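Protein chains in written order, with our numbering: chain A, 5 to 118; chain B, 1374 to 1483.
Incorrect hints may have been included.
What the hints assert, rightly or not - With the Cβ distance kept under 8 Å, some of the chain A side facing chain B (calculated, not the full set):
1. Glu46
2. Ile73
3. Leu94
4. Gly104
5. Tyr107
To be verified - Within a straight-line C-alpha distance of at most 25 Å, the following computed DSS-like cross-link-like pairs (lysine-lysine) qualify:
6. B/Lys1470 - A/Lys35
7. A/Lys21 - A/Lys61
8. B/Lys1441 - A/Lys35
9. B/Lys1441 - B/Lys1470
10. A/Lys35 - A/Lys61
11. B/Lys1441 - B/Lys1425
12. B/Lys1475 - B/Lys1441
13. B/Lys1429 - B/Lys1475
14. B/Lys1425 - B/Lys1475
15. B/Lys1475 - A/Lys35
16. A/Lys61 - B/Lys1470
17. B/Lys1429 - B/Lys1441
18. B/Lys1433 - B/Lys1475
19. A/Lys61 - B/Lys1475
20. B/Lys1470 - B/Lys1425
Don't read these hints as lab results, they were simulated from the structure.
Just so we're clear, the structure is a prediction, and the values are computed from it rather than from any experiment.
We put the beta carbon where it would ideally sit given N, CA and C, even for glycine.
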Amino acid sequence: EADIYQTPRYLVIGTGKKITLECSQTMGHDKMYWYQQDPGMELHLIHYSYGVNSTEKGDLSSESTVSRIRTEHFPLTLESARPSHTSQYLCASSADKGSGEGYTFGSGTRLTVV
Amino acid sequence: GNSVTQMEGPVTLSEEAFLTINCTYTATGYPSLFWYVQYPGEGLQLLLKATKADDKGSNKGFEATYRKETTSFHLEKGSVQVSDSAVYFCALRENDKIIFGKGTRLHILP
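Chain A with its partners taken away, still in its complex shape (with noise of 0.2 Å):
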């Protein structure tokens, strides 16, 4: 069954430490991106890429960076996870199909730093 899968669901970190949330999608879309959810829901897109090699900075600016080597795996890293990057990070994807089409999207990670 194609869908988006984000690990690790759930993480607790020290502060300083690299860290890499991992994004996979099965359905072959081109479109992939990053949204960081705050406690008051409100969704931030943070990354986004349109295919592989493409990476491009979202509305929110944020310190972690993006990759796109192959279509089905769009990681997000932290170089070094401060407590202010905690949040929920929430992976999507979109098919190449015009505006009617909406974005499927993984479970999420909910990033813990301490």
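For chain A, the structure is supplied; the task is to place chain B on it using the hints.
Below, chain B alone, put in the same frame as chain A:
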């Protein structure tokens, strides 16, 4: 620029009550409109969508009609259940990116 405004929550209702969550939008062209639902501890799931004026999206008893004249896409359900407790996001897409509202938390009491 494009934007989405939805009613602030939390909204608390008793089981079997009628639900309306208001959503209005601002767009320069002719966007597609969506409602997403987020259950506790999960990502967002597409609930319903409408791609042109007067279209009605429906799913799981929820409905929303694309009203171009009032730039609205209100979510309705005739009889809510405890299992409908979640956060609901109204959204629009005109080009490559979806713009989300801030979300409305819904609590249904048994």
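Checked hints:
1. Proximity of glutamate 46 of chain A to chain B holds as hinted, the smallest CB-CB distance being about 5 Å (cut-off 8 Å).
2. Restraint check, isoleucine 73 of chain A versus chain B: the minimum CB separation of about 21 Å is more than 8 Å; hint violated.
3. For leucine 94 of chain A, the interface hint holds, since its Cβ comes within 8 Å of a Cβ in chain B; the closest pair sits about 5 Å apart.
4. The interface hint given for glycine 104 of chain A is met, as the beta carbon of that residue sits about 4 Å from the closest beta carbon of chain B, less than 8 Å.
5. Interface hint at tyrosine 107 of chain A: satisfied, since its Cβ lies 6 Å from the closest Cβ of chain B, which is below the 8 Å cut-off.
6. Straight-line distance between C-alpha atoms of lysine 1470 of chain B and lysine 35 of chain A comes to about 10 Å, which keeps the hinted pair within the 25 Å bound.
7. With a CA separation close to 22 Å, the supplied pair lysine 21 of chain A and lysine 61 of chain A stays within the 25 Å bound.
8. For the suggested pair lysine 1441 of chain B and lysine 35 of chain A, the alpha carbons sit about 28 Å apart, so the restraint of at most 25 Å is broken.
9. For the hint pairing lysine 1441 of chain B with lysine 1470 of chain B, the CA-to-CA distance comes to about 20 Å; that is within 25 Å, so the pair holds.
10. Restraint check: the Cα-Cα separation between lysine 35 of chain A and lysine 61 of chain A comes to about 14 Å, which is no more than 25 Å; the hinted pair holds.
11. Annotation: proposed proximity of lysine 1441 of chain B to lysine 1425 of chain B holds, straight-line Cα distance about 8 Å (limit 25 Å).
12. The straight-line distance between the Cα atoms of lysine 1475 of chain B and lysine 1441 of chain B is roughly 21 Å, inside the 25 Å bound, and the hint therefore holds.
13. For a cut-off of 25 Å, the pair hint linking lysine 1429 of chain B to lysine 1475 of chain B stands: about 22 Å separates their Cα positions.
14. Restraint check: the Cα-Cα separation between lysine 1425 of chain B and lysine 1475 of chain B comes to about 23 Å, which is no more than 25 Å; the hinted pair holds.
15. Using a Cα cut-off of 25 Å, the hinted pair lysine 1475 of chain B and lysine 35 of chain A holds, with the two alpha carbons roughly 23 Å apart.
16. Restraint check for lysine 61 of chain A and lysine 1470 of chain B: satisfied, since their Cα atoms lie roughly 13 Å apart, inside the 25 Å limit.
17. Distance hint between lysine 1429 of chain B and lysine 1441 of chain B is fulfilled; the C-alpha atoms sit about 12 Å from each other, no more than 25 Å.
18. Note on lysine 1433 of chain B and lysine 1475 of chain B: the hinted pairing holds, with a Cα-Cα distance of about 22 Å set against a maximum of 25 Å.
19. Simply put, lysine 61 of chain A and lysine 1475 of chain B have alpha-carbon atoms about 21 Å apart, close enough for the 25 Å limit, and the pair holds.
20. Only pairs whose Cα atoms come within 25 Å are accepted, and lysine 1470 of chain B paired with lysine 1425 of chain B is accepted, the gap being roughly 17 Å.
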